[in-house]
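Novice: What follows is each chain in one-letter form.
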Amino acid sequence: MTPDADLVRRCRDGDASAWAELVERYSRYVYAIVVQGFRLRDHDAEDVFQDVFARAYENLSRLRDGSALRPWLAQLTRNTCVDRLRSAPREELTGQVEPPGLDDTVALLDDALAVRDALAKVSDDCRDILDRFFTRDESYRTIGSALEIPSGTVASRISRCLEYLRQEFLGRNSEVAASGEVQ
Amino acid sequence: MTDDTTIERLARLLRALPPAPRGWVEAAQELPLASRELDEIVARAEADAEFRAALVSDLEVALDQAGFHVEQRLTEVLRRRLSG
Numbered sequence: 761m762t763p764d765a766d767l768v769r770r771c772r773d774g775d776a777s778a779w780a781e782l783v784e785r786y787s788r789y790v791y792a793i794v795v796q797g798f799r800l801r802d803h804d805a806e807d808v809f810q811d812v813f814a815r816a817y818e819n820l821s822r823l824r825d826g827s828a829l830r831p832w833l834a835q836l837t838r839n840t841c842v843d844r845l846r847s848a849p850r851e852e853l854t855g856q857v858e859p860p861g862l863d864d865t866v867a868l869l870d871d872a873l874a875v876r877d878a879l880a881k882v883s884d885d886c887r888d889i890l891d892r893f894f895t896r897d898e899s900y901r902t903i904g905s906a907l908e909i910p911s912g913t914v915a916s917r918i919s920r921c922l923e924y925l926r927q928e929f930l931g932r933n934s935e936v937a938a939s940g941e942v943q
Numbered sequence: 048m049t050d051d052t053t054i055e056r057l058a059r060l061l062r063a064l065p066p067a068p069r070g071w072v073e074a075a076q077e078l079p080l081a082s083r084e085l086d087e088i089v090a091r092a093e094a095d096a097e098f099r100a101a102l103v104s105d106l107e108v109a110l111d112q113a114g115f116h117v118e119q120r121l122t123e124v125l126r127r128r129l130s131g
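Going line by line, the protein sequences match chains C and L. Once you know that position 35 of the first sequence is 795 in our numbering, the rest is easy, because the numbers rise by one and skip nothing. Once you know that position 9 of the second sequence is 56 in our numbering, the rest is easy, because the numbers rise by one and skip nothing.
Keep in mind that the hints were calculated from the coordinates and are not lab data. Ideal placement from N, C-alpha and C gives every residue a C-beta, glycine not left out. There could be a bad hint or two in this list.
As the list claims (entries may be wrong) - Computed footprint of chain L on chain C; a stretch qualifies when at least three of its residues, placed anywhere within it, have a C-beta under 8 Å from a C-beta of chain L:
{"no.": "1", "stretch": "784-797"}
{"no.": "2", "stretch": "835-845"}
{"no.": "3", "stretch": "875-889"}
{"no.": "4", "stretch": "909-915"}
Claimed, not checked - Beyond 10 Å from chain L on every Cβ pair, some chain C residues (computed):
{"no.": "5", "residue": "ALA780"}
{"no.": "6", "residue": "ASP807"}
{"no.": "7", "residue": "ALA828"}
{"no.": "8", "residue": "GLN856"}
{"no.": "9", "residue": "LEU862"}
{"no.": "10", "residue": "ARG896"}
{"no.": "11", "residue": "ARG901"}
{"no.": "12", "residue": "GLY904"}
Okay, chain C solo, but in the shape it has when bound (with noise of 0.2 Å):
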C-alpha cells in the first residue's frame, strides 16, 4: 500500500490516479465521522463528505507533513460537520456543537483504519468475504450465491479469514510499536 506521504506528493503533482486513491483510502473513514460521529444524514451527511474532499483538494498543498493525512482529514471533517450543524437554520445551538463522545468515535475510527490497512494484506478472497459480512451486511446466503460456495461453508470461511486478519493486524502492531510510530 503506497504510504500517505507518497500519495499526498503525487496528489500535489497533479496525480488523478493519486488523488483517487486517496479518497478510496479515507472515503470510509470521512463518511463514518460524518454519520456516526455527528449522526449527519441524507443530503447533509452528503454535502458534508463532498466539502471535506473539495477542501482537502483546495488545501492539500499547506499539509506541512504527508504522513499526517489521516489526523488532518479527520479535523477537516470535524470543523466541515460544526460548520455545517452552526449554518443550520432549524437548529437553535448554544455552545458545544461536536457531540459528546466524539473523540472516542474519532479514536474507534482511526484503529478500524489500521484494520483495514490490515485487511488489504489478505488474500482478495479473504478480503471480499470479510467486506461482505461485516460491512456490507450481507447474509450467509447472499454471499454464498455471490461467491457460489453453500452457505455453511461461508461461517467457516469467514472463521479463518478473520484469523488470518489478527495475524496481519498483530504483525502491524508490532511493526508499529517497533518504529514508533503513533496510533
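Chain C is already provided as a structure; the job is to place chain L on it using the hints.
Specialist: Frame of chain C, contents of chain L only:
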C-alpha cells in the same frame, strides 16, 4: 488480550467502517477534472473585471450566462477561490 477478544474487537472494528455511497466517492474522485474548469473560470475572472463583478454579484446566473455548467457542490469551492 485473548485471541477470542481480539477476534471480537476486529469484527467490531470492521463493522465500524461501512462503505460510503459509491456515487459520493466517484464524485469526490472527479474533483481534479472539475477543478480544471474552476481554474478556467478563476483565470477569466482575473482577466475580466466585469465578469468577476458579475460572479460576485450572482454566481449561478453569471456562470449560466457565460456558458459554464458548474455542479452545485463546486459553487462553494468557486466562491472561496474568488474571495481568496
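Novice: Does each hint fit the structure? Answer for all of them.
Specialist: Taking the hints in turn, this is what the structure says about them:
With 8 residues carrying a beta carbon less than 8 Å from a beta carbon of chain L, the stretch 784-797 of chain C meets the three-residue requirement, and the given coverage holds. Only when three residues or more bring their CB closer than 8 Å to a CB of chain L does the claim for the stretch 835-845 of chain C stand; here the count is 0, and the claim is violated. Remark: the stretch 875-889 of chain C is confirmed as covered by chain L, as 3 of its residues place a Cβ nearer than 8 Å to a Cβ of that chain, reaching the required three. Counting residues of the stretch 909-915 of chain C whose C-beta sits closer than 8 Å to any C-beta of chain L gives 0, which falls short of three, so the coverage hint is violated.
Consistency note on ALA780 (chain C): stated as away from chain L, yet its beta-carbon is not over 10 Å from all of that chain's, at 4 Å minimum. A cut-off of 10 Å between C-beta atoms contradicts the statement that ASP807 (chain C) is not in contact with chain L; the least separation is 7 Å. Once the 10 Å rule is applied to beta carbons, ALA828 (chain C) is consistent with being away from chain L; the minimum gap is 20 Å. Non-interface status of GLN856 (chain C) relative to chain L is upheld: no Cβ of that chain comes within 10 Å, the nearest being about 24 Å off.
No Cβ of chain L approaches the Cβ of LEU862 (chain C) within 10 Å, the least distance being about 14 Å, so the stated non-interface status holds. Under the 10 Å C-beta cut-off, the non-interface status given to ARG896 (chain C) relative to chain L is violated; the minimum distance is some 7 Å. The Cβ of ARG901 (chain C) lies farther than 10 Å from every Cβ of chain L, with a closest approach of about 19 Å, so its non-interface assignment holds. Look at GLY904 (chain C): its CB is around 19 Å from the nearest CB on chain L, clear of 10 Å, so calling it non-interface holds up.
Of the numbered hints stated above, those contradicted by the structure are hints 2, 4, 5, 6, 10, listed in ascending order.
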